[in-house]
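Residue numbers (the numbering used here), protein chains in the order written: chain A, 1 to 351; chain B, 352 to 702; chain C, 703 to 1053; chain D, 1054 to 1404.
By construction, these hints were calculated from the structure, which means they are not laboratory data.
A hint or two may mislead.
[What the hints assert, rightly or not] Covered, in the sense of this in silico footprint (three residues per stretch, anywhere, with C-beta under 8 Å from a C-beta of chain A), are these stretches of chain B:
no.: 1; stretch: 370-380
no.: 2; stretch: 404-413
[Unchecked claim] With beta-carbon atoms standing in for the labels, derived distance ranges:
no.: 3; chain 1: A; residue 1: Ala313; chain 2: B; residue 2: Ala484; range: 42 to 48 Å
no.: 4; chain 1: B; residue 1: Ala372; chain 2: A; residue 2: Gly126; range: 55 to 61 Å
no.: 5; chain 1: D; residue 1: Ala1392; chain 2: C; residue 2: Glu752; range: 38 to 44 Å
no.: 6; chain 1: D; residue 1: Arg1102; chain 2: B; residue 2: Glu514; range: 51 to 57 Å
no.: 7; chain 1: A; residue 1: Ala295; chain 2: B; residue 2: Ala388; range: 30 to 36 Å
Ideal Cβ placement from N, Cα and C applies to all residues, glycine included.
Protein chains: 4
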Amino acid sequence: MQFASDNWAGASPRVLSAIAAGAAGFAPSYGRDDASAALGEAFSALFEREVAFVLTATGTAANALGLAALCPPDRVVLAHEEAHIVCDEVGAVEFFTHGARLVPIAGPQGKLTEQDVRTALARLTGPLSRGEAPGALSLTQATECGTVYRVEEVAALAALAREAGLAVHMDGARFANAVASLGCRPADITWRAGVDVLSLGGTKNGAMMAEAVIFFDPARAAGLDWRRKRGGHVVSKARLIASQFLALLEEGHWLDLARHANSMASRLAAGLAAMGFRVPWPAEANEVFPILPRAVAARLKANGAIFHSWPIAGLSEAEVPAEDEVLVRLVTSFATTPAEVERFLGIVSSE
Amino acid sequence: MQFASDNWAGASPRVLSAIAAGAAGFAPSYGRDDASAALGEAFSALFEREVAFVLTATGTAANALGLAALCPPDRVVLAHEEAHIVCDEVGAVEFFTHGARLVPIAGPQGKLTEQDVRTALARLTGPLSRGEAPGALSLTQATECGTVYRVEEVAALAALAREAGLAVHMDGARFANAVASLGCRPADITWRAGVDVLSLGGTKNGAMMAEAVIFFDPARAAGLDWRRKRGGHVVSKARLIASQFLALLEEGHWLDLARHANSMASRLAAGLAAMGFRVPWPAEANEVFPILPRAVAARLKANGAIFHSWPIAGLSEAEVPAEDEVLVRLVTSFATTPAEVERFLGIVSSE
Amino acid sequence: MQFASDNWAGASPRVLSAIAAGAAGFAPSYGRDDASAALGEAFSALFEREVAFVLTATGTAANALGLAALCPPDRVVLAHEEAHIVCDEVGAVEFFTHGARLVPIAGPQGKLTEQDVRTALARLTGPLSRGEAPGALSLTQATECGTVYRVEEVAALAALAREAGLAVHMDGARFANAVASLGCRPADITWRAGVDVLSLGGTKNGAMMAEAVIFFDPARAAGLDWRRKRGGHVVSKARLIASQFLALLEEGHWLDLARHANSMASRLAAGLAAMGFRVPWPAEANEVFPILPRAVAARLKANGAIFHSWPIAGLSEAEVPAEDEVLVRLVTSFATTPAEVERFLGIVSSE
Amino acid sequence: MQFASDNWAGASPRVLSAIAAGAAGFAPSYGRDDASAALGEAFSALFEREVAFVLTATGTAANALGLAALCPPDRVVLAHEEAHIVCDEVGAVEFFTHGARLVPIAGPQGKLTEQDVRTALARLTGPLSRGEAPGALSLTQATECGTVYRVEEVAALAALAREAGLAVHMDGARFANAVASLGCRPADITWRAGVDVLSLGGTKNGAMMAEAVIFFDPARAAGLDWRRKRGGHVVSKARLIASQFLALLEEGHWLDLARHANSMASRLAAGLAAMGFRVPWPAEANEVFPILPRAVAARLKANGAIFHSWPIAGLSEAEVPAEDEVLVRLVTSFATTPAEVERFLGIVSSE
């Protein structure tokens, strides 16, 4: 019963076949190969416009490079206080932007609200601003709380940002889960809603290691080459990352994988709620955050379930776990099986 | 006829099988998996002592992280003026060390000499030193000129460094080719000769993307975690890099691959020399640098050969190409075939 | 009627005489001169223990260098959200520490409370911490709201910090005003209360440009030399900064100047309060923050008063200015005259 | 007999009077004061065109900020291998540019030659360039060897740079001495010869601490504000630096001071040459580099002369000191007296 993280899964068989096929013969290195060219076309088709992109091996690299292309070193990046770039990347954005500072903003269910962004902007741009100007807004889609921004929510936040002169970045480490959840076109939740740059995650979706920074305005990618090189992020056999993405995009495989992961999470959430456990944030993607009695959590672990406890920051007072309770995170993936889910629920309900 | 670079090859079949096998089931992410643990043991066995290591997807990342662990930001790194860290990484070492400066040193055949290192050290450490102190010496093995340092050469340079308080780094993007060429034990040319940290390249050797930083004193690796994270170099599904290295190390596969590449280069060099062409640097690993008439180079390209021209820096006046000549670089790999080599030589000799 | 800032004043006549006297003859540069040596003794006497110090021309440099000596690049600095290092130095701390991130904390009257620091520490160090560890706590004394930490407040916060392994920095741009206000010994509010490093401001106190970083543990200053040099903060004719501090410290001149400034602020605050205006934060040093009707503020400006409006962040809802009101900041200095103060109050009360 | 450095002198009486006068009354901080405005006009008059400028307290800050305005982080700065930015500033340029690398170039008498710059450019910009592009050329005027570039030399080097797309920086820590030596107009040796940005030194010329970065194209200064702030180089009481420069520029005081210093150096050089000592570099500004018998150097020191030995890098083989000789540096300043010079020469000639 593996619910620790979607990066504990391996890789989809179709991805593995694509790697093996892609490794045949010789090809130019550093992205000047045919698979990379094909991927450019596939991305442009997927997003219904010409895009530029760079491939990386990690999501942190994708976020940091993407934001470095958007935000000059003397500006700040607004992001949710639970965002991965704030909590888990130990200064990567500051490092790659050469100094742009992160301004964390609180918000319910892992989401930024218009009101909170407006307040933050007012402070940074009003007549009383003291030296720091905002440069970019970063949204996480799906969020770190397993929720998903609606198209109109992204559009409203991006409009606010644009009005104030900010570029908009989307951390899409779990973009596939968000799109599968919304059932929208990828273009609708990105550039049509005002997003300039997307970190598109392939790894959690089912690749071995494949992340992409997608620039909806190709001109934004200019000047990124030296940052990638200096950062050690120019993979020589780039075709082997490109092949993974091509396999994911072929015949909608990426959305099939994400839909499966999402449905496993929905089943978990529904099962737990039916048993009366609180699940403070709706399980809209592939993560479920129930509040469990500590005894139940212990029983699960004793029976081999693997999952993490989670910080309660962002819970309203009414939702905060009692002394004998704990907030936990359950993450599903393309590799999660219905049997595992049922076994987990069975252990919870047993007594 | 692919002689552009050893990173134009794909991956060895054994490596591809290992990736597929490694992707089965779930495993802890970020290097806390069984394959990573097994690799730790394999590296320690290979180097005949306990080592620490981190895995990366690029050689630039390995070099920059390794040197960041060795050299504080207020020191300088001595390296050959043709070293990859000097010519091809656009400031990665300075970026990851937070400011340690590179001091390029000239030297024949891509190698540093004791005399030149001594002169550089004298200037930086003598009574007239003006603020900069040396922190590390970086050697490239095999060198960017296709030559290989002898064990006693490394030992002498490392002794010089150690005496002056410097740590010693080895850029081993083509370490396998060097070891295959020397026929020595990996330990002999590294820690036993005074090397503290090795960038061990798997990608050019036959992996898809697999590089490692090997710390012969595990304590040196302390404090590297945040640098990797901040740099975006913590690969989540680390087991899939570890699997590649395990496949390379199994049954000496890495040396078999390197020996093949080296023998293809030797055949090229011997063939060209027999036809009377100058090859200023001995082809000791998997690179050959002949001086060809421009007409011959053009004929080769017209017939489909792929290779690069090369800067003549480091050639003695007697060796410098004439107006109608050009210095070119031919790189072989595990995937180079004898037939390709013979066809190349045949085109050269035809008229 | 100059209340814009204490850095709009010139320099005390005693300081100017000291500069002129200090400029006579030749002396070693870069701090190896007699005045700098004498200053070391004067600082040690002032703080009742041996201290190390470096001199700078700006307070931002003093803060950034001091924190760089305390906080490694992979840690964060806790500070009040209104602190100068957070609001006004555009990333200087991150720049000089090579990446340590600032974590702003709210708190009433410009002060950090034990409870808020405890909460911040819990989040960063508990079992749910995600990669960032705290490295230093920075306190501003006097605060940006014109208030002053009591000795026991500093001691309690510093004890909290020390327990969690943090070093403690004090931004003392207006340290003289705080000491004059408290009537305590400088040692009591610094190292005896747990402060490791003090940015000691001379400029606002009455110097031309003279700031010092005081290390209560001289070992902490080791390794700062290259940071100063790389940052362009090694003043060649250092004796001319040292002379300014010597003049300030002679016969308690610094405290005389600060006491005068403080008394001018007290008179302003008392006068305004007597007329019924709200002054939300007690004027404990040389700054007063009254809420004035916009009409009054306009009348003052029309009559030549110079002062700034101020952000209301940190005011409780009850204190927030009404539509027709504005929060303003009045800063006094050694050069403020009682006549100016009375004239200002007279204009306020006129109608 | 003080010949250690021109920064061992104090400040000219006229500068000291200007500081005292400038400190009267209140004035806006951070450069929005009348003296700073007047200085803008004075600089524009001096250079015969509208210029922008920023003031700093150190020459390292001026160099680093000026180059940061000219050279993006992915480019390199070409400079003489003996330049202050290469040998004495421990990475300040790299720090403030966020990574632009220095490429040191050798050249006789402390000067770059067209041929050597051409060779360096060819390597960085030719078809074989490997990732690094040149961004700026930095010239030191007067040089670190006490020589002075002729107008036509600067023009030729700047033309080379401009053709290759580089901006041109001049480190003028001793600019006054160079102008006094050449007898040219300041405009002739700067923008009319192709210089974009000048670090104009006041400190060694006779100020207490006053350096300026002069932008001959004011647009170049855009975006420098945050760099200054982040670097801790925004002096609050800027009028007190401006006053120093105003005093220097009034009635040609700066050139009077420089001419005096130069004439003291000429006298030293002529005296030593007349006694048969080698002076390998012509003493064209305020520095003399004679080769003295060690016995003579020791006798001078025993009699109270203060001066430094100097690295011999850059001397031709014929010039290199013998075993019993030493190359020394003698620096004169506005405060050097003819009596000191004669006494020095007297001790040399005594036996």
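Structure-based check of all given hints:
1. 370-380: holds (count 10)
2. 404-413: The restraint on the stretch 404-413 of chain B holds, since 7 of its residues have a Cβ under 8 Å from chain A and three suffice.
3. A/Ala313 / B/Ala484: 42 to 48 Å: Since A/Ala313 and B/Ala484 have Cβ atoms about 45 Å apart, the given range 42 to 48 Å holds.
4. B/Ala372 / A/Gly126: 55 to 61 Å: holds (59 Å)
5. D/Ala1392 / C/Glu752: 38 to 44 Å: holds (41 Å)
6. D/Arg1102 / B/Glu514: 51 to 57 Å: holds (55 Å)
7. A/Ala295 / B/Ala388: 30 to 36 Å: Holds, at about 33 Å.
The structure agrees with every numbered hint stated previously.
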